[in-house]
Amino acid sequence: MFPSRSIFAAASLAFAASGAQAQISDGVVKIGVLTDMSSLYADITGPGSTVAARMAIADFPAKGVKVELLSADHLNKPDVGSSIARQWYDVDKVDVIVDVPTSSIALAINQITREKGKAFLVSGAATSDLTGKACSPNTIHWTYDTWMLANGTGNAIVKTGGDSWYFITADYAFGLALERDTEAVVLKNGGKVLGKVRHPLNAQDFSSFLLQAQASKAKIIGLANAGGDTTNSIKQAAEFGIVKGGQSLAGMLVFLSDIHGLGLDKAQGLIFTETFYWDLNDQTRAFAKRFAAANGGKYPTMVQAGVYSAITHYLKAVTALKGDDGTKVIAKMKELPTDDPLFGKGTVRADGRKLHPAYLVEVKKPSESKGPYDYYKIRATIPADQAFRPMSEGGCSLVK
Amino acid sequence: MAAVPELAPRAASRADGLAHQRIATAVMIAFFALAPLVLYPVFLMKVMCFALFACAFNLLIGYGGLLSFGHAMFLGTAGYASAHAAKVWGFPPEFAILFGTACSALLGLVTGLLAIRRQGIYFAMITLALAQMMYFFYLQAPFTGGEDGIQAVPRGKLFGLLDLNSVWAMYALVFAVFVGGFLLIHRTVHSPFGQVLKAIRENEARALSLGYDVNRYKLLAYVLSGTLAGLAGATKVLVFELASLTDVHWTMSGEVVLMVLLGGLGTVFGPVVGALIIISMENYLAQIGSWVTVVQGVIFVICVLTFRRGVVGELGRLIGKPL
Amino acid sequence: MEIFGVPTQALFGQLLIGLINGSFYALLSLGLAVIFGLLNIINFTHGAQYMMGAFCAYFLLSKLGVGYWWALAITPLVVGAIGMVIERLMLARLYKLDHLYGLLLTFGLALIIQGLFRNEYGTSGIPYALPQELSGGRNLGFMFLPNYRAWVILASLVVCLATWFVIEKTKLGSYLRAATENPQLVQAFGINVPRMITLTYGFGVALAAFAGVMAAPIYQVNPLMGADLIIVVFAVVVIGGMGSIMGSIVTGFALGLIEGLTKVFYPEASNTVIFIIMAIVLMIKPAGLFGTQR
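Residue numbers (the numbering used here), protein chains in the order written: chain A, 3 to 402; chain B, 1210 to 1532; chain C, 6 to 299.
It is worth saying that the hints were derived from the structure and are not from the lab.
Keep in mind that the hints are not guaranteed to be accurate.
[What the hints assert, rightly or not] Capping the alpha-carbon separation at 25 Å, the derived lysine-lysine pairs in BS3-like fashion look like this: (1) A:K336 - A:K65; (2) A:K330 - A:K65; (3) A:K366 - A:K291; (4) C:K101 - A:K372; (5) A:K161 - A:K246; (6) B:K1407 - A:K135; (7) A:K118 - B:K1366; (8) A:K336 - A:K135; (9) A:K161 - A:K367; (10) A:K246 - A:K65; (11) B:K1407 - C:K68; (12) A:K118 - B:K1296; (13) A:K161 - A:K194; (14) A:K161 - A:K221; (15) A:K324 - A:K347.
In isolation and in its complexed conformation, chain A is listed as follows (with noise of 0.2 Å):
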């Protein structure tokens, strides 16, 4: 009676049997991208997230290794997301699950897989506890994190002259969170923070909340929260000239996705980091041109990117290995090196942290900006080794 999902059947492969099929468990390499489709995150992860993982295995040399890709939506509920998880594990029996945005459900996947001896590459989620005190040996956490977005857009304006702040916080432990990080960096390099103002999680109007950061007259307002209370924060913040008044907009956690629905006129001179830009180099700009084709249009966010990165070397790490069980997988995948068109050279680390530098970008004002999707200037590279919170800080318990 099971519910019946999509199943791309890999554009590779032969069929080669031998002893390479002889680990892979019933012969075939299950791959499940659990996305949201359908709510606040679905231009930035969502079908694009299907896409680019179809990509990744189509793009992989061949070696014998059949692969299988499943998709589904977890509705941005935590139970939807746990079931299917587990159904996925338990029934059908996937091998690893790609992506999940949404911090809560990464969380609860993130048990679930190591209690089934799984894999699990985050791409979608942002909370630093994945490879802090929630690490696992089965979980390896691609893309971005908190600590990476407070410290990489905190450091960076600061010693760019952005020293006196003033936070937008979304009431929540996520908000709360990335708001506590930001200041730290903040205060240790020396800046001010003039204020803060808690709003409701969803809330419409920012008018009252801008109106305090304006009056603090702090040089950078950051706004603390994410997806339609940040876009909502930032056309509103161009409405009462905040911009034009000199202040300037730090988002914490912002997409191409974000700002291709404001608009390069609301948008324009917001600062904030992020991991993966189409624009970067030829073969980011090849690798964009061929998602956008097969995502109607769309350009990869960064969490689009990460899951083509991430499927990439778990299938170099099965092939190696000549197996999918998960914990030996994830192990293999840190003692590789990564390579792809996308991050580049990179590392993954013994907390499940993966390593590739970030970019601080900063929004181009409309008559800077060629053509759609053309958006970001990067004001600054942060490599890979400060991008991300020293292992000794995480308080993960797989570091001795």
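Please arrange chains B and C on chain A, whose structure you already have, making use of the hints.
Relative to the frame of chain A, chains B and C by itself:
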């Protein structure tokens, strides 16, 4: 004022009606006892928890005539309470569930005292307002973990003996809770208390003139409904090892209304069938895209316009006996 | 967090902002109050209709190049017409039943409409430009007031008062009020009651759509923009008194002010304060502050 006029098809002759219901009960129990051999047990456990939730809700609207638009607060409160008890205080599962249920009962008493004095739409709006307040409270209270929820709730050992980490043991517990809750509701409905409740639903003024303390009966029904909804929530949290905001969001209140409406308001088995259909649909559709809300909306509309008796109600009408 | 003893300048700024938000609440609750007060229908679809208004304005601009001012006139007509179709085809069948069925139907419709739009447009939101004539703002000394927001207050007041006037003070309005009290009698007088009901529902929906167009330039146009708003608007209507037009208008503006104040002193509660007030009002005076018991 009759809140839902066409429900609870009049019981035919007592002997006949009950025999049919007994058969149906046996079928239902057999289904849930045997299905895990074929279907995915975790899915079935989810269905049972929601079925209990829906039955509890149905008690209030089907028999009490009160539409509560905030029932999620019971599901969620018990969930958070028992998750916290199990994880942070280390309660064994039976006490965690009891504790969660007790919290919901208390919430039912407090909110009931506030809400019961009003009827119909006002009652629905008050319950909605109260549920929203609980939602915002849980959103910010540190112990709930906000958006993250309470993760990794340990299942523990039931009575110190049965390790609930085994799927079968957990299933047995959920099954027992569900059947127990269901039978309790059934018993309540067919008791003198249940009769008075029906009388109040049909004609409150007359019941009042007969000397019944109408408000007290309604309050009792409300608290009972909330308590059982809490029982469902507390159990569900142990199944999934997770307590989250979804359980207190107003869309959850809407979903339980949908389950009961679809299954059949005021029927005995309607809520169970409704829960089964809705949960299956969510599971099925979640895999192929984002059409779940649209489909739920369509079902709502169709049910309200042309299918007011719901699946079980129509079935009951077909065979001429109340189900 | 917040400092006590907020300087009066800042306070005025916040109150003014509160007034602006109150305008939206008033406009939206006006539509709901009209529909409930006169028709006894609980229109849960109101939030979705507000959203359709915003999207309609967006379509007019992006597909037909029709600007904001025209959108203000056209959108209410279009969305109102859709509302009337809904009323004729579906709601009319439920009048004989308990009002709660109307609530459930409109709830289901809201799910459908929001779901469809979301499937098509995602949730990031779509930008809608501020009309040229209203961009920029004035520095009032205690705050910078964007012109558009001032316009919102003005337009809202005008529309609200005009509606109130029509319903309470004109012959048409009195027919309407009579028709809801005693439809058979009024019909016996030769007035086409079903048609009046349809038109009234359409009018209420048009008000929601009008609010949507007004919201488009400042809040992101996205499929879920009405979803959480609808509950707040309900609370406003309940507090104001479910049948009372003036009640909704006054409560809408008042709530905006109260919310503004809460945001200054205790922002985390700004979402909850409305429900607390609603629960209290329902306890003490269930018909609402200005309402009459039905």
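Right, here's what the structure says about each hint:
For the hint pairing K336 of chain A with K65 of chain A, the CA-to-CA distance comes to about 21 Å; that is within 25 Å, so the pair holds. Distance check on the hinted pair: K330 of chain A and K65 of chain A sit about 19 Å apart at the alpha-carbon level, within 25 Å; holds. Taking the CA atoms of K366 of chain A and K291 of chain A, the gap is near 21 Å; set against the 25 Å cutoff, the hint holds. Simply put, K101 of chain C and K372 of chain A have alpha-carbon atoms about 61 Å apart, too far for the 25 Å limit, and the pair is violated.
With a CA separation close to 22 Å, the supplied pair K161 of chain A and K246 of chain A stays within the 25 Å bound. Taken as a hint, the K1407 of chain B and K135 of chain A pair is broken in the structure, with Cα atoms around 54 Å apart against an allowance of 25 Å. Among the hinted pairs, K118 of chain A with K1366 of chain B is consistent with the structure: their alpha-carbon atoms are about 20 Å apart, no more than 25 Å. For a cut-off of 25 Å, the pair hint linking K336 of chain A to K135 of chain A stands: about 19 Å separates their Cα positions.
In summary, the hint linking K161 of chain A to K367 of chain A is supported, as the alpha carbons are separated by about 23 Å, within the 25 Å threshold. Simply put, K246 of chain A and K65 of chain A have alpha-carbon atoms about 56 Å apart, too far for the 25 Å limit, and the pair is violated. For the hint pairing K1407 of chain B with K68 of chain C, the CA-to-CA distance comes to about 57 Å; that exceeds 25 Å, so the pair is violated. With a CA separation close to 20 Å, the supplied pair K118 of chain A and K1296 of chain B stays within the 25 Å bound.
About 13 Å separates the Cα atoms of K161 of chain A and K194 of chain A, which keeps this hinted pair within 25 Å; it holds. Distance hint between K161 of chain A and K221 of chain A is fulfilled; the C-alpha atoms sit about 13 Å from each other, no more than 25 Å. Between the alpha carbons of K324 of chain A and K347 of chain A the distance comes to roughly 23 Å, so the proposed pair stays at or under 25 Å and holds.
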